[in-house]
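Enquirer: Chain by chain, the residues:
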Amino acid sequence: MRYRIRNQRPLGRTVGSTDMLAPPRPVSSVRAAPPPGPTSDLTEVEDATLARALIERHPQAPRVAWARFSPLVRRIVRRSLGPASDTEDAVQDVFVCLFEKAHTLRDPAALKAFIVAITVRTVRYQVRRRRVRAWVGLGDTGELPDIRVVESNTESRQALLHFYRILDRVGSKDRAAFVLRFIDGMEVADVASALETSVPTARRRFTRAYRRVALLAGRDPFLAEYLASLRGGEKP
Amino acid sequence: MIAAVVASRDDVTDLARLANESLGSEPPRRDESSFFRVQQKLTQRADSRRRRAQVGGSLMAALVILAVTAWFGFREPAITYTVVNGAVVDGDHIVGGKRTAVRFSDGSEFALEPGTDARVSDVTPRGGRVSLVGGARVAIAKKPGATWTVAAGPYTVHVTGTAFDVSWAPREQSFDIAMQSGSVIVEGPFIDGGIALKRGQRLSGGLGAQKLVVEEIRPEVRAAPASALVPAPADEPATSATNAGGSKAAPVELGWAKSVAQGKFAAVLDEAEKRGVEHTLATAPLGELSALADAARYGRRSALARRVLLAERSRFPGTRSAIEAAFFLGRIAEDEGRDAIEWYDRYLSESGGGSYASQALGRKMMLIYGRRGVVQTRSLAEDYLSRYPNGPYASAAKKIVDEPSRPNP
Numbered sequence: 148m149r150y151r152i153r154n155q156r157p158l159g160r161t162v163g164s165t166d167m168l169a170p171p172r173p174v175s176s177v178r179a180a181p182p183p184g185p186t187s188d189l190t191e192v193e194d195a196t197l198a199r200a201l202i203e204r205h206p207q208a209p210r211v212a213w214a215r216f217s218p219l220v221r222r223i224v225r226r227s228l229g230p231a232s233d234t235e236d237a238v239q240d241v242f243v244c245l246f247e248k249a250h251t252l253r254d255p256a257a258l259k260a261f262i263v264a265i266t267v268r269t270v271r272y273q274v275r276r277r278r279v280r281a282w283v284g285l286g287d288t289g290e291l292p293d294i295r296v297v298e299s300n301t302e303s304r305q306a307l308l309h310f311y312r313i314l315d316r317v318g319s320k321d322r323a324a325f326v327l328r329f330i331d332g333m334e335v336a337d338v339a340s341a342l343e344t345s346v347p348t349a350r351r352r353f354t355r356a357y358r359r360v361a362l363l364a365g366r367d368p369f370l371a372e373y374l375a376s377l378r379g380g381e382k383p
Numbered sequence: 006m007i008a009a010v011v012a013s014r015d016d017v018t019d020l021a022r023l024a025n026e027s028l029g030s031e032p033p034r035r036d037e038s039s040f041f042r043v044q045q046k047l048t049q050r051a052d053s054r055r056r057r058a059q060v061g062g063s064l065m066a067a068l069v070i071l072a073v074t075a076w077f078g079f080r081e082p083a084i085t086y087t088v089v090n091g092a093v094v095d096g097d098h099i100v101g102g103k104r105t106a107v108r109f110s111d112g113s114e115f116a117l118e119p120g121t122d123a124r125v126s127d128v129t130p131r132g133g134r135v136s137l138v139g140g141a142r143v144a145i146a147k148k149p150g151a152t153w154t155v156a157a158g159p160y161t162v163h164v165t166g167t168a169f170d171v172s173w174a175p176r177e178q179s180f181d182i183a184m185q186s187g188s189v190i191v192e193g194p195f196i197d198g199g200i201a202l203k204r205g206q207r208l209s210g211g212l213g214a215q216k217l218v219v220e221e222i223r224p225e226v227r228a229a230p231a232s233a234l235v236p237a238p239a240d241e242p243a244t245s246a247t248n249a250g251g252s253k254a255a256p257v258e259l260g261w262a263k264s265v266a267q268g269k270f271a272a273v274l275d276e277a278e279k280r281g282v283e284h285t286l287a288t289a290p291l292g293e294l295s296a297l298a299d300a301a302r303y304g305r306r307s308a309l310a311r312r313v314l315l316a317e318r319s320r321f322p323g324t325r326s327a328i329e330a331a332f333f334l335g336r337i338a339e340d341e342g343r344d345a346i347e348w349y350d351r352y353l354s355e356s357g358g359g360s361y362a363s364q365a366l367g368r369k370m371m372l373i374y375g376r377r378g379v380v381q382t383r384s385l386a387e388d389y390l391s392r393y394p395n396g397p398y399a400s401a402a403k404k405i406v407d408e409p410s411r412p413n414p
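So the protein lines, in turn, are chains A and B.
Counting from 148, one number per residue, gives the positions in the first sequence under my numbering.
Counting from 6, one number per residue, gives the positions in the second sequence under my numbering.
By construction, these hints were calculated from the structure, which means they are not laboratory data.
Virtual Cβ for every residue (Gly too), placed ideally from N, Cα, C.
Check each hint, because a few of them may be wrong.
Unchecked claim - Here are the simulated lysine to any residue pairs, SDA-like style, with alpha carbons at most 25 Å apart:
| # | chain 1 | residue 1 | chain 2 | residue 2 |
| --- | --- | --- | --- | --- |
| 1 | B | K46 | A | R210 |
| 2 | A | K248 | B | K216 |
| 3 | B | K216 | B | K147 |
| 4 | B | K46 | A | R276 |
| 5 | A | K259 | B | R42 |
| 6 | A | K259 | B | R22 |
Said to hold, decoys possible - Going by beta-carbon spacing under 7 Å, a handful of chain A positions derived as facing chain B:
| # | residue |
| --- | --- |
| 7 | Q239 |
| 8 | L307 |
| 9 | L308 |
| 10 | F310 |
| 11 | R312 |
| 12 | I330 |
| 13 | V360 |
| 14 | A361 |
| 15 | L362 |
| 16 | L377 |
Take the sequences, apply the hints, and build the full model.
Expert: Shown next as structure tokens:
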């Protein structure tokens, strides 16, 4: 799996770059606090300091990064892949990549955007791999997975499965854009950053995915009934 | 028509909200073991990279060893050569002395005539290129894939496995090759696309004579190619005359013939003039006269050549040289625009199908065609085709036979 991040912006910011193809900038030239010593406590440090610690292979840095960002990564992975997937393997792959490629991060302040971009790429790889496995007969077992659903009833679990089956029929880039925008609720600029693309392109992608999901959901009898029941109304 | 059913904006939002609320973080119990698994994966990937590097390095080393082994183990050894019998070697130039030979490790040999300048170049495991100025007897070992090239002035002889005598005289611009065995392809001036020569054929001429002649070599000449122009056949009175003349006569005669073979026509003509042309014509043996006639012809001294040839015919009538002199007299007459047909007729009647018979008959045919037209020539052309279907004038004869009958303008 190759990770190439471009046009990257830190999430929630307007400047910065995490172009991993560019040669790593000497850590000393980066504006921020001085690099942490080997015995420093990284638990409470800012992202930029943690990034420099990762780059300098600080012994505590991986664990702190894991503790700080694994919930975010896990959430994106779970929401992207759906309930029927083993998210943990993908989460681990994200952090393996992060620890191996940390030295390519140009702007330590953009650590979060860097991790999200790696996550999106990992998810897209998993989606493509799952499709190939389905083509060659190594697909899911068909059993209903154990999902922690807020509205813990069988209908909601079934609706979630049907919803992700629809997402499986959407292209991997469009799907990622849809998940980040509508399920994770990211800003458009952050979606573009995570997808390493421009804002108009990101907008085009999640709009296209939205239309496709709406079309397919309208054709799914179970979802149609489920959505109607949510409003206490009749079947469409 | 069935209308497309599309979920509303609220429906999609509801589904997205369901996913958002349902798919939160994993239970914390898996968190620590998952991080441990990350560390394991990192170690495994590092090991895997190291192993790949080791395997790649080993493969590369094996490839290098294989390549080196293949290069040095299976490469054909290049041909080497030695120069024997005291030639003067100046860099890659070899100057022929007495019995000088260049012997190659594949069994090929170049026996250089005295004074010949040879240069060996482009030596490969299968052959090489030898450039000659002068004469040499060449014997190329017949081996699969052998590619030898002999350059004699502007002429190039492509050889695979054969034996021949070759010479190039730069001053007279004359080229001569006499095949002993095998076959070669010669390229150079007056040759379009190369000419193939086989055993028993001779190609001579060049820029000096402004022409090339292919002829059959007499068996006795083939046996002693280095002295191809040495006239000493047992049936000719000149031989006995030479031998009778004393022990010094033979070397002199051989010297003129050799000089002609090496293209040193001027030297022969100078020597004859020193002796006195009249005296030479009256007293020289047949071998010397033949060499002098050749030197005069190649040196473009047509008048002298005619006198020598006439002397041959008057002093040694009935000999092969005298008979062939008739053909050469015809050639000289033709070059000078005089009547040559009579000489060609004489040669044809006296030789009874000699070495130059096909040329004599062909030239006669062309002369008659030029003067009297196709009607008068057709029977001669048919005769030519029946006797020499592959002769040098066969193509012209076929055209004459096929040409519609019309009087010559």
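Enquirer: Tell me the numbers of any earlier hints that the structure contravenes, in ascending order.
Expert: Hints 2, 3, 9 and 11 contradicted; others consistent.
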